[in-house]
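> Join the two chains, each given in its own frame, into one complex according to the hints.
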Amino acid sequence: MPESSYEPVRKPFEGIRVADFAWVGVGPLVSKYLADHGAEVIRIESTTYPETLRRVGPFVDDVPNIDGSGYFANFNSSKLGVSVNLKHPKGPDLVRRLLARCDVVTESFTPGTMARFGLDYESIRGVRPDIIMISMPLYGQDGPWAHYAGYGHVLQAAAGFNHFTGWEDGPPLGTGVAYTDFLVPHFAAIALIAALDYRRRTGEGQYIDFSQFEAAIHGLWTAILDWTINGHEQTRLGNHDLEAAPHNAYRCRDGRWVVIACETEKHWEGLKAALGRPEWCDMERMRRRWQRINEQKEIDRHLTFWFEDFTRLPTEAAFQVEEGVEGPPVRKYTTEEVVRLFQSFGVPCGIVQSPEEMHADPQLAHRHHYWKLEHPVMGLRTYDAPSFKLSLTPGELTRPAPLLGQHNEYVFKQIVGLTDDEYVDLLADGAFD
Amino acid sequence: MNPERPPVPLPHPTGPLTGYRVLDLADEKGQLGTRLLAELGADVIKIEPPRDGDPTRQHAPFFRNEAGAETSLFWWTMNAGKRSITLQLKLEAGRQLFHRLVAHSDIVVETTIPGEAAALGLDYASIERANPGAILVSITGFGQDGPYARWHATDIVGAAMGGLMYLNGDPERGPVRTTVPQAYTQVNVQAMVGALIALYARPLNGGRGQHVDVSMQEAVANTMDNAQQTWDIRRVNASGPGLHRNTAGVRTARYLFETADGWVAALQAGGLIGQQANAIIDWLAENGEARGLDSPEWRQKLTSLQPLTPEDRQYVEETMAAFCRTRKKEDLVAEAQRRGAGWAPVFSPREIVESKQLAARNYWTRVTHHDLGETFIYPGAPFRLSATPWMQRGRAPHIGEHNEEVYCGLLGLDSQELRRLRLRMVI
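Line by line, the protein sequences give chains A and B. Here the working numbering = 1-based position in the first sequence + 204. Here the working numbering = 1-based position in the second sequence + 623.
Here chain B stands alone, though its shape is the one from the complex (with noise of 0.2 Å):
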């Protein structure tokens, strides 16, 4: 292999999927999840329409800022590892070769509202048509039925119709989204656990295949930690905390904190409240920073698992604000965590890549993009299995990069075909 010019997508011939064939059609909802199952060994290639290829090739950032079909960083991120195709699933001719390649596939993932998949052939009863052993993942807002299927829904509407925008922000300002999209990448992954258990389950059954209806919805309700159970068995709506914690419905102890160089997240004032507390009151003692915490009083009341009055809670809080106000985080966790109490540091993307942890790991891996000559550094493996090991696959593909390799190896089709496609846009 030429390490100037790797090809794309790189082999990966030991890992846990290789041999199976995904097809592509997704947009945000599927395409992290895709390349996972790419990163896991399976052969999956990305379904693009002709000329401008897939829309999310328009979503920013961009490299350098410069705006191109082949600059979306959310197109690297999400589609390294892929091959691509072209194809038009508007013309009969495209549906029809769409289908030999379902013949040809194990896993098909599309992303359209409820209802309009048949026009493009991508229903199940198409699908399973072509290939019975098919398994045909539909990832949508809410699911293919119901009264909201065939509502509209983003990122954000996720979010807040699956309930964690409420649990999140601030009593003041309302409910606040997590800027990178978490409705989105709950989908995704969720939708995969879905495929693979239906991957297992076809030999079991006959080699027949199924549809995995994922609901966008139904995977962010999912996230709402126990304030499900806490509306069913205490009849309280937690709502968003801002820098404190929701324990069953009741606004904590706040566990933010600033520090002389961004923030840390300590559980419990820092660990000020509860059975293990004297740990951290020595801790501010030895430093001449308890502001009286370290009388027998105090420790009783800290350590006896009562709740504190809130004058009390807020002067904790007070105490633990002021202590970390004056140090940096990194010497604030470390020490805490000698300690025995679970802190961590509040990390930006920055210093998650600068992370200690993280590199004494080898976690991050570099990806060849011959066609710009450089290297870029993206993320490592999210699981590290002995026997099958994960692996970066490369680049994302250029817009039908693969069309030659796909349409003339995986289907015979003959160079004179496939220019008379070329002609129709079919592909």
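Isolated chain A, as found in the complex (with noise of 0.2 Å):
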């Protein structure tokens, strides 16, 4: 192919130019989709209050850091940052020109926020018609809970992921996150990008109320019908399943957990075959699917065993002579054995992982899923990728997190066209605080 036919390619959200308002959790991984492909995304922080995840860990040596914090940091690759005080005389003004000159405007603000700064929708779209903002608080722009304050940990309680974690003989856990923030984003990503889309064909823009409690209830899966329709509530089971057995977590002799799920019939199969087909299994009550629910405790007790006996720690002989008992050594499996094991005869199954094996995972490093990136004050550091790969378009994590305020001087100079003077004297008041 000749040289001069050799188009570059051009990243999804190039010329894309987002002022991010939004902050903790859910905002940021909104906008961390568009900095990722190319966007440039402007976090707009405060010094007199910063954004709250820059207070909280982990921190490198456990000293508090405003720009020290590794949770503030991987919600925050590849974007900008600046500090402007917003109750400065001049502040909302140099927001507005920003704002001027911006495709996106994210914000979770408790409703009405916005508007005490003049930066609400109707304001926005005075300078800049065709803008597309979100607002992205807990539970929406009205309604009686509209002002309710909180976070992701407790935004779960109320859309019902509580309610489904935990054992059915006791009470509803945490999920150990907080973890609506985790599924929220993806949701207000998808109207987002669609709203962007629909702009670059109509040049219309738009206001996208999303309110992170309607959102998180799509991911109940059948509950909300099953109420609805069949007046059935369904609830925590701990790890088993409605509909397969056996569906559990077993311990392993290194003190590890294994996951095992058994859906179908030829999921069955496979493990009775790994098993070496002992007795219980080919029992005339295991023979179907419901059958196997009804009795999935006794399963559970039979592998419970099996996991005890023939588990090993990766130091101790595969091949080990039972005490006691006659005839040939047994073999007996380390946990990563199990799993190929049973992985080999078809069985879904899989390792607990902890956050220590999931960044020595192997799968996760032949898809490059962390990436390492070199922070001024953190040093090289542990950032999450997108979980899909674009052929053509890949996301790239271009900068890590930025520092409180590190872009003012880019941002409005070049971008918001302050001279020398201007931008000095309004460093000087105390504009960009």
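It should be emphasised that the hints constitute simulated quantities derived from the structure, not laboratory data. Heads up, a few of these hints could be off.
Computed Cβ-Cβ distance ranges for the label pairs, DEER-style [what the hints assert, rightly or not]: (1) A:268 x B:932: 18 to 26 Å; (2) B:899 x A:373: 30 to 38 Å; (3) A:492 x B:1000: 31 to 39 Å; (4) B:675 x A:572: 36 to 44 Å; (5) A:544 x B:628: 53 to 61 Å; (6) B:726 x A:502: 50 to 58 Å; (7) B:932 x A:530: 55 to 63 Å; (8) A:213 x B:628: 47 to 55 Å; (9) A:544 x B:690: 32 to 40 Å; (10) A:333 x B:937: 53 to 61 Å; (11) B:1048 x A:407: 42 to 50 Å; (12) A:523 x B:768: 28 to 36 Å; (13) B:1000 x A:634: 49 to 57 Å.
Note that this is a predicted model, so its numbers are computed, not measured. Beta carbons: idealized from backbone N, C-alpha and C, even for Gly.
Next comes the structure, spelled out in structure tokens:
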């Protein structure tokens, strides 16, 4: 192919500029998608009220540092950062001048906050008619809970995720993470990119009223229709499943856990073969899936014993002579070997991996899931990449998270167009605090 | 439009994705995602095997607990607003027909195990040949390549291998999966973000489509909060905290408390620990239930931001637990919010459906199932776009309900050809 016909690939959001007022998890994770795919995303913060996550660790050497939070860093790769004091008399005007040069505005304040600074959708439309603005508070723009405070840790309770987490005979548990913070950003990103696509075709911007609560409910699978249609309330089942058995986590000799899920006859036949067809699993009352669901406590008991008897520590021999038992040595498996054995028989299974194991996971390494970026304060650190690989326009984490106010000079001089003198005067006057 | 017999799906001429077409060959890992595209206006065509239809039609629960190909509430939830055709991709004639459909489509979503797609004509090379502008979204357990690429994975395997399950659970009983499948949910919605990014990139790159390779394991890995960074920076593995919360690898104060009628979620022992603790201490004191926490020493200790001793923390947690146990959760939440603390009730599906907030926002939609002569309540808009609104587009399709519409209307086959295809079990 002649050299001249080569056209460089353009990044999806090349030329799109985003003013990101959102904070904590949900908003920054939406704009991270745009930033990692070519948009110029500007985090708009304030040194007077720094974003919550900057004050939450992990910090290097456990020393709190506004520019040293690994939590904040991970959600804000590939972005620029400015600080503006919206309570300074010139603050809102500076921001409006920036917004006139932006395509997208994201925010997640309590409803009414943006309006107080004259930065509601109607006002922004006055300076940028085709702007797309998305507001993403917990409960939406109106209603009796619109002003309720909270974080993902408690929204997940209202949205049903605690109800569905834990053992059948025990209390609702947390999911261990601020779960909705990692669920609803994807919904918001879908709406936002669809709106961008519509704008490109029609020139028309719009406003998106996004309630984290309302999006999260779509993650409850069949639970809502089961209630509204059948009047049946689903509840937490530990590691069991409505439709599959065995379906559980089992502890290996090294203390780690392996999950197994037999959803189909093929999975069950595979498991029987992998176990060497012990007598119990060929019993008549184990023949059909619904029978196995009824018998799952017994199946769990057998499998728990199997995992106790047939797994080993890596330091132990693969073939061991059973004490007090006649016969040849018995094959024992490390946790990794158990998973490979069952997988080779077509049984869905896997290890419950710790953060440390994730870090060393050969599959994630092969997929280049974690990115390492050099941060001026934190050094070389781990960042999450998108779960999808685009063959033509892959995501790229182009820079570590911004320091607070790191790009003030670039943004306000190059993009907004302040002169050197204007910039220095405003700086001295506290407009960028 | 006859309100008794609305068309299936309802037309959506004002969606942001109106005009795009999506072919949906996905299992549980992709059907929710493509439904969202339908609700944004795309024409989503579900492709099912002839006769029995899609295997996910067998998923419980069923309407009135009567199992059948048209009564699965899973099917209703995930496929509302789509069209359905039958097509046998194991036959050459079926694959030819499929590639003619691809030529009229923008996005194709499939979920076969890597290595199995080519035999069905679903590999990217075949899709690209049929339509260089098409975007192929392949959703799998571990992605298209790598040592685990061909491993079998269901939801719990994704939750385990993706690290979320380790963070979830209880120190005594071990790791636990959230019963409503979240590895599946995550990969559904993250895959659609990838699909739309590829769609947005298309006109910038001469109309070229591309392959979007999505991994359920990676989708779950992205839900680990700050656990990965906590390992990276502090070399600490966060693990299932039970009723407590993990903060950067440290098990901190309890945040789930039993009430007279259920449970509430209230961080930092309901706000008794932290800079704003005085507002909550006052609340307990006004009710005579502060158990001494309203003394100047305790107030200083609780607002200082210094870690409490385990004994002190336990005393604080027990004080909050006793306060909550005699009160109703919605009263507690309303009063805590009035005092500036971000509490929420632990809701069940029924309580979500009865939520005042969602009623005030007019959240729920009614969906007519004219085939059953009934109307049911479905979840409403996950996002509200002012110019191009989200729209629920009616019930899920029956098996092959739109064969004639699609094969004759879109591909221009005549009824004779359609009959022949049916006899040959192609459709």
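> Give a verdict on every hint.
Hint by hint, here is what the structure shows:
no.	hint	in the structure
1	A:268 x B:932: 18 to 26 Å	21 Å, holds
2	B:899 x A:373: 30 to 38 Å	36 Å, holds
3	A:492 x B:1000: 31 to 39 Å	34 Å, holds
4	B:675 x A:572: 36 to 44 Å	40 Å, holds
5	A:544 x B:628: 53 to 61 Å	55 Å, holds
6	B:726 x A:502: 50 to 58 Å	54 Å, holds
7	B:932 x A:530: 55 to 63 Å	57 Å, holds
8	A:213 x B:628: 47 to 55 Å	49 Å, holds
9	A:544 x B:690: 32 to 40 Å	36 Å, holds
10	A:333 x B:937: 53 to 61 Å	58 Å, holds
11	B:1048 x A:407: 42 to 50 Å	49 Å, holds
12	A:523 x B:768: 28 to 36 Å	34 Å, holds
13	B:1000 x A:634: 49 to 57 Å	53 Å, holds
Violated hints are absent here; each numbered hint is respected by the structure.
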